Structures are given as structure tokens and as C-alpha cells.
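Number of protein chains: 2
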Amino acid sequence: MPRVLPAQPGMALADVDTPALILDLDAFEGNLQKLRESISGRKIMLRPHAKSHKCPEIALRQMALGAVGVCCQKVSEAEAMVEGGVPDVLIANEVVGMTKLKRLAALTKKAKITVCADDAGNVAQIDIAAREAGVTIDVLVEVNVGANRCGVAPGEPALKIAQAIAVCKNLRYAGLQAYQGGAQHLRGVAERRAAIDTAIDGVEKTLALIEGAGLPRGKVTGAGTGTYLFEAASRVYDELQVGSYIFMDADYAKNDWTESGIPRFEHSLFVWTTVMSRTRPDIAIVDAGLKASSIDSGMPRVADFPQAEFQKASDEHGVIKMNGTPGFALGDKIKLIPGHCDPTVNLYDHYVCVRGGKVEALWPITARGAVW
Amino acid sequence: MPRVLPAQPGMALADVDTPALILDLDAFEGNLQKLRESISGRKIMLRPHAKSHKCPEIALRQMALGAVGVCCQKVSEAEAMVEGGVPDVLIANEVVGMTKLKRLAALTKKAKITVCADDAGNVAQIDIAAREAGVTIDVLVEVNVGANRCGVAPGEPALKIAQAIAVCKNLRYAGLQAYQGGAQHLRGVAERRAAIDTAIDGVEKTLALIEGAGLPRGKVTGAGTGTYLFEAASRVYDELQVGSYIFMDADYAKNDWTESGIPRFEHSLFVWTTVMSRTRPDIAIVDAGLKASSIDSGMPRVADFPQAEFQKASDEHGVIKMNGTPGFALGDKIKLIPGHCDPTVNLYDHYVCVRGGKVEALWPITARGAVW
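So the sequences go chain by chain: A and B. 1 is the number of the first residue of the first sequence in my numbering; add one for each residue after it. 373 is the number of the first residue of the second sequence in my numbering; add one for each residue after it.
Simulated from the structure, these hints should not be mistaken for lab results. What you are looking at is a predicted structure, and each value in this text was computed from that prediction instead of being measured. Cβ atoms here follow ideal geometry from the backbone N, Cα and C, with glycine treated the same way. Hints are supplied without guarantee of correctness; some may be wrong.
Partial list, derived from the structure: chain A residues whose beta carbon lies under 8 Å from chain B [unchecked claim]: (1) 292; (2) 325; (3) 328; (4) 369; (5) 372.
With a straight-line Cα cutoff of 20 Å, these simulated SDA-like cross-link-like pairs (lysine to any residue) come out [stated by the list, open to error]: (6) A/102 / B/460; (7) A/109 / A/99; (8) B/705 / A/109.
Pairwise CB distance ranges (calculated) [unchecked claim]: (9) A/236 / B/732: 51 to 61 Å; (10) A/172 / B/732: 35 to 45 Å; (11) B/628 / A/172: 51 to 61 Å; (12) B/704 / A/110: 25 to 35 Å; (13) A/323 / B/532: 25 to 35 Å; (14) A/110 / B/377: 16 to 26 Å; (15) A/110 / B/500: 47 to 57 Å; (16) A/110 / B/387: 18 to 28 Å; (17) A/253 / B/701: 37 to 47 Å; (18) B/412 / A/85: 40 to 50 Å; (19) B/631 / A/190: 53 to 63 Å; (20) B/698 / A/15: 57 to 67 Å; (21) A/10 / B/413: 55 to 65 Å.
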């Protein structure tokens, strides 16, 4: 399936055809620096989540600025990262079924791989896969600290899984996965802080039991862009799994950041789109719909034109109400800020990396579609 | 970017790893037949929309059962269809900008290509692209018959665009694109019928003006799965652009079909998913989230277990409330019916085609990500 590349290095952004996924390199690099500065001096490791970008080029730049490795959600994502040169991947998720576990075990021969578990039967299967591959696999217990997705309850249930891991010959108990995903998009700072305080309580209670049972402490890993300074300040979390800070989507931008201490990350990720129909006075139709910008967390925003409102997306069309905004002639190209960066990235094969109005590079999104 | 194939022909569905996009061939072929029977004896052409499936293997099967060609939304989609052996493609959409128009003109040397327009300036550009390529391009006027997306108003505005096309040396005025996209998902049959009656009125009014002005009638093309028998019965529409009938997603299934005359198409498209966390009594977490099944038109439904409710999707997780449904043990695989088939298909590189519990074929989704 040969595919036309969306751009060539050196060409003007104005000449890039649409829709295309644009990465503003100045804003992106600024976000990397802002995060680094915001945690500098703290005893905390940085392990950004690669589910947001799915791109080894980005992972390696995060590591060049101090990240110890990346997180992934899927074995196939981890395979793409390792293939792209990332030496240390935490699959911050459960991996269920022998087909995937065999791939997981094979991958541990190429890079340092850690995985999560929340079920004793699954732990036993990971052990079998490790034994068959002749490897030892690091396993974290996923604790449900409020996201109510995967994970066992803090305290005794978590201890039981830790013990189940520790008794397996081919596994190493490595600590706790404690990501409070439900807190990240709570709009108020106080709400987010309260949710993380509760998460920290659950982690501390669990750590006390685990150490009391004679198991090693291991590491505590979690946190997202909405709350990471609270986890970093906790002295309980050892590692931050921030993902969206590099792009800053429209949904995250709705959070209140005042007095959170978290820097204002800039929007660096855009969907480049063309006005393709202009038959009604206050409506512009653009060529980016829901196959170009995911609407699961709300519509995209129109960059640079705050009055213009992206009202509706169908498969390949976006309806923009101009609200008196001048311009938007047929053929004009504009930038959209995606509602949610992660699933938007997953629609594209390349980032068109832009600086000063010129294309500087194309970065392949090698883990696009890596759902296994 | 080498990618693992999601399955191999001959293997049992039970062994196919998840998430995977499953096409039930019996249901799919049944839907093709049902559509054919429902329009047999009518003087109407069938031109299914390939934006739903993005797969030449499917397009060729539709043509083998009488379709005259397919519709596409994008030049890149049309390129993939022509590359896959489809000889006749209508781009049922505007194509704006010389970059795309040059590709459009080049494609007319390989297959019969038609495009839509709703702007005189755009018409002039299509003419330039045709002249430069030394071809004649067929152009339809898109009429806004109620979808309020692209298209000019019926009547005089449509006539003006038709005349703008007709005077261009390298273009041929080919008729009207009159798709009432807003009608397809109106739940009641009477509402859908009323919306199509209004569309038909607009088309008739426009045809009268166009023929009165001495232009050829051309063809009238439009209709979707929700309403196509109303357009077929109109004696005004010549061609049907149905897309979703082959898959029948959860959103379309919410329409009332009673006394519409439209057959009950069966669900043939599924997301195959694994129960990956089971730590709370009435909740099962599956490994298919919004990167595996698009939620733009609502959550997926759990096939075969009507009580179980897919409540929430995050990137790579789905939360299913069991509501007392037994089973769903860790590692169990279940089928989801996507909320909206088109953007779900666009997440995958292959259909895993299944019959009688076995994988019969893999069909590549060659136009996946074809947004240009």
C-alpha cells in the first residue's frame, strides 16, 4: 500500500496539502523544556506516555531531555518504540492472553520491559510466558486509585497481587502502577488536588502493607499532565507518566491551571485544513471532519480566530460558524486545535514538523493503529 | 513500518488476537443481496459509497452485484479505489486547490472520474487542471437539499454553477449531487420521508430551471442507507450512494425501519475484544477503547449480550456494565457492534473476514487514512 507523503522538508507550510497533522516544533520543544524545568530539583523520574504521540522520534527527544524511558498501552506500541530505539518501556496496562504475553516476553530480550497486572490468574500466565522465553519479567500491581478502570483496590487486594507476583520464579515484583486518570480533566485545581490526595492515601496504605509483608517497596508510577506536580510533590510517587503536555489539546486547555504550579503548555499540534465550501454567509465548511480530528472529547477549536466556532463534524467535513470572523475564503488554509490529541494522532501516518512557516521534517507515527 | 497481520486465513476466530475488525461474511453478503433485491425492477443505478469501507475488495464485490462504480469523499480515496481495480468513481464532494485538482485530473486518465462543485471559482480551477492535463472532467453541481453542509441552494444558485461548468471547454456538466445527509439518521420513517420529499422538491425545481436553460438534464445522484428507497421511488433520482448498508452500525440500527420498505440489514462489522480486567463485580474492562471503535455517534453495543452495556471508552479501554450478565471472565473474547462504522473502519488496516467461526480472508483497507 504505497502512500503519498503529506509534505516534503523545505516546502512552505502554506503549500502543504490538507488535512495534515502539523507539529509546531518551537511550541513542542518549549513544552519539553517547560516540563523539565517544572520538575528540576525534584527527586522524580520522568517516563512520558507514548500513547499520546506513537512516535519514536518524539520518544528519543523526551529521553534526550532526561526521561528514563516511555510508557505504552499495548504490546504492539511497545514493539514500535523498541524498534525505534527506545531502550526502556513500561506497558502501563494489563496484557491478557498468551498470544500477547509471548510477544511481551520476546520483547524483554530487546529492551527493558515492565508490565502491570491486577489478577492472580494473569500473573500466573505472565510467569508461564516468561519461563517459556527464558526471561524474567518486571511486573507492577495496578492499583485503582480512583479512575475506576483497571486495577485492584488499594490495601489488601493489592498486596495479594504483589505476593502472587513475588512467588513466581520468572517474575520480579517491581512496584505500583497508580494512575488517577479520572483526575486529569477535572477543571478545578482544588478538585484535581483532592483526587490526587486520595490516590496518594491509597498508595501509602498499600505500600505500608507491602513493606510490612517483607516485599521490596518497588517504585510508584503514575500521574498525567493535569496533576503531575501534585504526584511529584508527594514523596510517594517515583515516576511521572505525563503524555499530553507535549501537544496540549483543546480539552486539556479548558482546565484551570492557576496556582497549580503546572506551566502553561502551548498548543503545538494542529490539524491543517482547507475551506472547501463557502455557500452560506456565516458558515465555512472545511475538509477536516472526524476522520481528521477526533471529537470524543469535544470539537476542535479554530486556532488564531477565537470567534470562529467549529460546530459539527461529519466524516470528512467540519462546519465552522464564523460569528462575524472576516476571511475564510474558499481555498484558505487554517489550523485546528484537536479536542483530544491522542486519538487524533492515531489517524495519521506522519507529523508534518514545521518551524518558521517551513516544513523541517516528517516524523513517522510508527505505532499508529497499534491496538494489539 | 512492517506491521504484524491481525490473523491468518484458516485460523479459528477464537484464536484471533484483539482488538481486531471482524467482518462476518455471511451477514455482509446477505446485506449485499438484500439491497439488490430491494431495488430490483427499479430504473435506478447503484453507486455505493466507499468511504464506509475504504476497501477495493468490497467495492469489486458491490460491482459484481450490479453497482456501476463507487463514490468517494477524497481524491486519495479515489486513487486507492482506482489502484484496486475500480473503473468508475464519483467523488461525491468538492475538491479544492490546485494540488488536489492536478491529482484528480491525472486520475481521469486511469478511470472514469466525476467530481462535484458548488462554487464558480472552483469550477474555473477544475477547468484549468483539466486543460493542463489534456482531459475533460465530468462535474456535478452539489445542491444543498437539507444537509446544510456543502452545496448551493436549489434553483437559481444551482443553475448558475451548472452554467459555469457548461461554458468551460474542458468540463462536462453531468448533473446534480443531491445527498440529504441530515435525513439518514432521523429516527422516524415519516420524518425521513418528509426530509426526502423536500429534497426531491428542490431537485425538481432545479432540474426544471436547468433544462429550461437548455442544458442537458444529466443525472441526479444521492441517497443513503436510511432513506434510499424513497429516492429510488422518486423517479427523479438516477443513482443511489448508499454506504452503511453493508455493515449496519449501532447508530443506524436505532432508526425505525417499520413500513419504510427498507430491509433489515444485519450487523456484519464487529470489533473483536478481550476482557482484560475484572476486579469489580458488575464491571468488565475490555481492550477496545476509542482507538478501536469510534464513539462519535454513540458507544458500541455488546453483541449477543443485550443486558451488558458499554458505558465509557477511553483511549484503549472500554467499560462494560454487566447488569447481571453472567460470564465475561478475564480473557474472554466478545464482539462489539461499532456505534459508527465509517470512522471505526478508518482505524484499521485489515478486515478479518470470518465465516462459520473461521478466518476466510484478510482484506486490506487500502484507503485507511486517505484524508487528502
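Hint check:
Interface restraint check: residue 292 of chain A against chain B, minimum CB-CB distance 5 Å, threshold 8 Å, status holds. Interface hint at residue 325 of chain A: violated, since its Cβ lies 19 Å from the closest Cβ of chain B, which is beyond the 8 Å cut-off. The beta carbon of residue 328 of chain A comes no nearer than 12 Å to any beta carbon in chain B, farther than 8 Å, and the hint placing it at the interface is violated. At a threshold of 8 Å, the smallest CB-CB gap from residue 369 of chain A to chain B is about 6 Å, leaving the interface hint in force.
Because the smallest distance between the Cβ of residue 372 of chain A and any Cβ of chain B comes to about 6 Å, under 8 Å, the interface hint for this residue holds. Between residue 102 of chain A and residue 460 of chain B the alpha-carbon distance is near 46 Å, which puts this suggested pair outside the 20 Å criterion. A distance of roughly 17 Å separates the Cα atoms of residue 109 of chain A and residue 99 of chain A; the hinted pair therefore holds under the 20 Å criterion. Among the hinted pairs, residue 705 of chain B with residue 109 of chain A is inconsistent with the structure: their alpha-carbon atoms are about 29 Å apart, more than 20 Å.
Distance hint check: the CB atoms of residue 236 of chain A and residue 732 of chain B are about 53 Å apart, consistent with the given range 51 to 61 Å. Roughly 43 Å separates the CB atoms of residue 172 of chain A and residue 732 of chain B, a value that falls within the hinted 35 to 45 Å. Our hint of 51 to 61 Å for residue 628 of chain B and residue 172 of chain A holds, since their Cβ atoms are close to 58 Å apart. For the pair residue 704 of chain B and residue 110 of chain A, the supplied restraint of 25 to 35 Å holds, since their beta-carbon distance comes to about 31 Å.
Checking the proposed 25 to 35 Å range against residue 323 of chain A and residue 532 of chain B shows it holds: the Cβ atoms sit about 28 Å from each other. Against the hinted window of 16 to 26 Å, the Cβ-Cβ separation of residue 110 of chain A and residue 377 of chain B comes to about 21 Å, which satisfies the hint. Distance hint check: the CB atoms of residue 110 of chain A and residue 500 of chain B are about 53 Å apart, consistent with the given range 47 to 57 Å. Taking the beta carbon of each, residue 110 of chain A and residue 387 of chain B are about 25 Å apart, inside 18 to 28 Å as hinted.
Remark: the range hint 37 to 47 Å for residue 253 of chain A to residue 701 of chain B is upheld by a beta-carbon distance near 41 Å. The beta-carbon spacing between residue 412 of chain B and residue 85 of chain A, approximately 58 Å, falls outside the hinted interval of 40 to 50 Å. Look at residue 631 of chain B against residue 190 of chain A: about 56 Å separates their beta carbons, and that is inside 53 to 63 Å. For the pair residue 698 of chain B and residue 15 of chain A, the beta carbons lie near 59 Å from each other, so the given range of 57 to 67 Å is met.
Between residue 10 of chain A and residue 413 of chain B the CB atoms are about 59 Å apart, so this pair conforms to the stated range of 55 to 65 Å.
Hints 2, 3, 6, 8 and 18 from the earlier list are contradicted by this structure; the remaining hints agree with it.
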